[in-house]
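Trainee: Residue numbers (our numbering), protein chains in the order written: chain A, -13 to 295; chain B, 126 to 435.
No wet-lab data here; the hints were simulated from the structure. Heads up, some of the hints might be wrong.
Covered by chain B, per the in silico footprint, the following chain A stretches (three or more residues, Cβ under 8 Å) [what the hints assert, rightly or not]:
#1 64 to 76
#2 167 to 176
#3 252 to 263
From the three backbone atoms N, C-alpha and C, an ideal C-beta is built for every residue, glycine too.
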Amino acid sequence: MVQTNRPAHPRARGLAYLPYLLPGMVAFTVIILVPLALNLWYSLHRWKGGMSPMRFIGLDNYAELARDEKFWASFSNSLSMIVAMVIIPTLIGLVLAAVLFDYVGKHFSSRTAAALRAMYYLPQILPISVAGIVWNWILNSQTGAVNTILRGLGVASPPNWLGSTSTALGSVMLVLIWIQIGYPTVIFMSALQRVDPELYEAAELDGAGWLARFRAITVPQIRPETFVIVLTCTIAALKVFAPIYVLTRGGPESSTLVPSYYSYLNFFDKSKVGYGAAISTVLTLVIIVIAGVIQVFQNRSARREEEGR
Amino acid sequence: MSNTTLAPAPAAASAAAAVGRAPAPQNGAAPRRKDRFHRGAGRWIVLAIVGLFALAMVAPFLLMVINAFKSPAEYSGGSPLSLPKQIYTDGLAYFWQRVNFPVKLWNSIWTSALVAVAGTLLSLLNAYAIGVGRVRGRAWIVAVFMIANMLPQEGLIYPLFTMAQKTGLTDNPWSIVIIFTVIQSAFGTYLLSSVLGTFPRALLEAAELDGAGRWQILWRVVYPIVRPTMAVLAIFFFIWTWNEFFIPLVMLTSNDNQTVPIALSSLQGDRMLDVPTLNAGALVSLIPTFLFFLFFQRTLTRGVTAGAVK
Chain A
-13 MVQTNRPAHP RARGLAYLPY LLPGMVAFTV IILVPLALNL WYSLHRWKGG
37 MSPMRFIGLD NYAELARDEK FWASFSNSLS MIVAMVIIPT LIGLVLAAVL
87 FDYVGKHFSS RTAAALRAMY YLPQILPISV AGIVWNWILN SQTGAVNTIL
137 RGLGVASPPN WLGSTSTALG SVMLVLIWIQ IGYPTVIFMS ALQRVDPELY
187 EAAELDGAGW LARFRAITVP QIRPETFVIV LTCTIAALKV FAPIYVLTRG
237 GPESSTLVPS YYSYLNFFDK SKVGYGAAIS TVLTLVIIVI AGVIQVFQNR
287 SARREEEGR
Chain B
126 MSNTTLAPAP AAASAAAAVG RAPAPQNGAA PRRKDRFHRG AGRWIVLAIV
176 GLFALAMVAP FLLMVINAFK SPAEYSGGSP LSLPKQIYTD GLAYFWQRVN
226 FPVKLWNSIW TSALVAVAGT LLSLLNAYAI GVGRVRGRAW IVAVFMIANM
276 LPQEGLIYPL FTMAQKTGLT DNPWSIVIIF TVIQSAFGTY LLSSVLGTFP
326 RALLEAAELD GAGRWQILWR VVYPIVRPTM AVLAIFFFIW TWNEFFIPLV
376 MLTSNDNQTV PIALSSLQGD RMLDVPTLNA GALVSLIPTF LFFLFFQRTL
426 TRGVTAGAVK
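In isolation and in its complexed conformation, chain B is listed as follows:
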């Protein structure tokens, strides 16, 4: 990224206050010299606009956070915009028990983690055959994988549902693991094959001359080099699986097997719940993904981009 900053980065100094001032008249007519980027009040107006837009984007979360800690009486008595007068945590505790949150959390964690690992491994095996092995018809295979990744899950769900019934996997989180390992690896194969398609031939040939077999080449030569890409994929698979809604909604019917998103959505019609408890529930359910987002922000943006442009 081109970091042309010459002056120190602006502190959070009141961008909003700057809007009040009229823009400096010299704007545009000023002669451009070396530090052409750091002058004029116009830039504060632009920052204020994009800043306000960002605030509008996070406003629903802010509203949720300030209303999660109010007592029902305080909520109905005041404005949703007011800060809580005291921190009320009974709503949170009530939500925690009512949906048996630790169980849902654990279900989400282990299913997503298994899909992340199994999905990347399956992607690697496929991509090794396609990208390095150059099996015949590989262009078609990749196209089919890519299209499969875009299919509506509604077109698969009923047969998958009956298959789960026949194999005894009804209402079993393992059905989610198996299904998403395959669906995610369709995307992983697509991405990794294009990476492995440009794998340096010289490296492979050197390993072959040293007497390495295909299995050894995969693990000793190819895998160490694509490991960073696989890590990005794994992070993606984890978060996608975590957020999946439709298939878990259909497959996991009993309370003890549900994942966090499904447990949360099942609360919606619940007349027993007051507004602060609902907000507390949303807040708690958001924390794991939010932490994940903070840790892997860079990786995630890199991954989104790779997915779109590769």
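Pulled out of the complex, with its shape left as it was, chain A reads as follows:
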């Protein structure tokens, strides 16, 4: 870069912009950093919350967590959440996006493809409590739509989908898949738009069928987006709260318990604030590690892009 006649020294310039960062920094400190630190502090105490006395107990809450079967159950349910919110939707979204973009968009019209995309995306945009109410009713054992239909078909005792330990987790996973599918589909479709159409045309001239093009062009070309989707959705899966709250409240018998709901339960239901803080601290740490990984990989891929791949 050629030296320009900029008035001030670079460092002074940097300082000059600090006032613009000040409101954001103050707000961020008060609303995020301080609460995070306080939560960590609470996790080292036995505390019923409110005005009751706090008693420092060091790492006892964490030791108790390590022995707590419910805590481990909640984390193993997180793995099911990852299957339902990351693995299955990403695979389905990948196929849907490729079919919509490379097939429906070309053989019909891009408007048809866009309309279908909007339908897949709809569940993403709605308040979770609406989805919760509707699905609770659809899956209700007595008055629900699914079981009424099943009884009409002659099934004598259809399952209690959300109410029995054997089906609750699967039912919740189904709802989560339904919620999530639109997100990877939309992102993959826009990722495909950035792929050079000449690649597809060349492959087609060489006689490559749809499946061959999907494997050789689509999947490798949209790898950066796939990576971002997998990691952000993994974080969302670890944090999942509202769907559990509106569908099952962690039950029956913790079969759908997740860490975030377990900490909420300890905070506001059992008045074990210190214990709830310990659970949420562990969850926060897990997520920070994963978010850090995302940052590293994004920086790396950004750098590669700048260097011209």
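Let chain A serve as the given structure and place chain B on it in line with the hints.
Mentor: Same frame as chain A, now just chain B:
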């Protein structure tokens, strides 16, 4: 988008009927000419499959709509799949009064709108310092903002709850406004700084030579150019805040302060409500977001993409 349509777009013509027919045998072997995209029955089968999938995605809504207008007697007497014989609106009216819906609606609207405006402004100030001002340590600041956006709210909630108690903001929608302005602006800062990081230097220098100060440059040079991005952000902040569940659930305890999603979820254990009323409630609560979705569909998809890939 590559619009290669040569033939007129297919009308809603029965895709399902096409499935019944056997696929044409010439599929694949046919010589490819100019109009290679618009031949063969195979494409109708593909359309039917993705169409059925789309139908399965919207099926819960369709079920909800047709059952929202049945009377309780009609619901328990018939199948959930049957259309209502007459339009029964008492369930809707009952829901409207029972949850005092206009109040909840207003709470959702003003809190989300304030967060959308305040959040984008805060994001702009931060991003101006980071992207244009290039303050030292900006890479770290952006990383911290991004990570903060991903933190589980459970890790903040109890301290925020006690802080609200100490400042007299318990059960006050303003607590939601303040908290979400900061949380959303963490994402906004992340996105806007990367946009402003590539802001044309020549423009800034020209303005500097004309004697504009930093404040003037922000509002006269930078702001007009990033306004479209800020609009996308604002729309996003609005809808995210509207849909927020966890923090409003904890913070807003009394009926008059709740937002739409919380009011709706509080109905769930309510044994007084019959199935059509529940569906009517879900339907009414969905309408504002649904309208929003229709108006801003394009913007929303653009925003999702920007968030994932920037």
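Trainee: All the hints need checking, so say for each whether the structure fits it.
Mentor: Structure-based check of all given hints:
1. With a threshold of 8 Å between beta carbons, the proposed coverage of the region 64 to 76 of chain A by chain B is violated, since 0 of its residues qualify and at least three are required.
2. Closer than 8 Å: that is the beta-carbon criterion, and the region 167 to 176 of chain A has 6 residues meeting it against chain B, so the requirement of 3 holds.
3. For the region 252 to 263 of chain A, the proposed coverage by chain B is satisfied: 5 residues have a C-beta within less than 8 Å of a C-beta in that chain, meeting the threshold of three.
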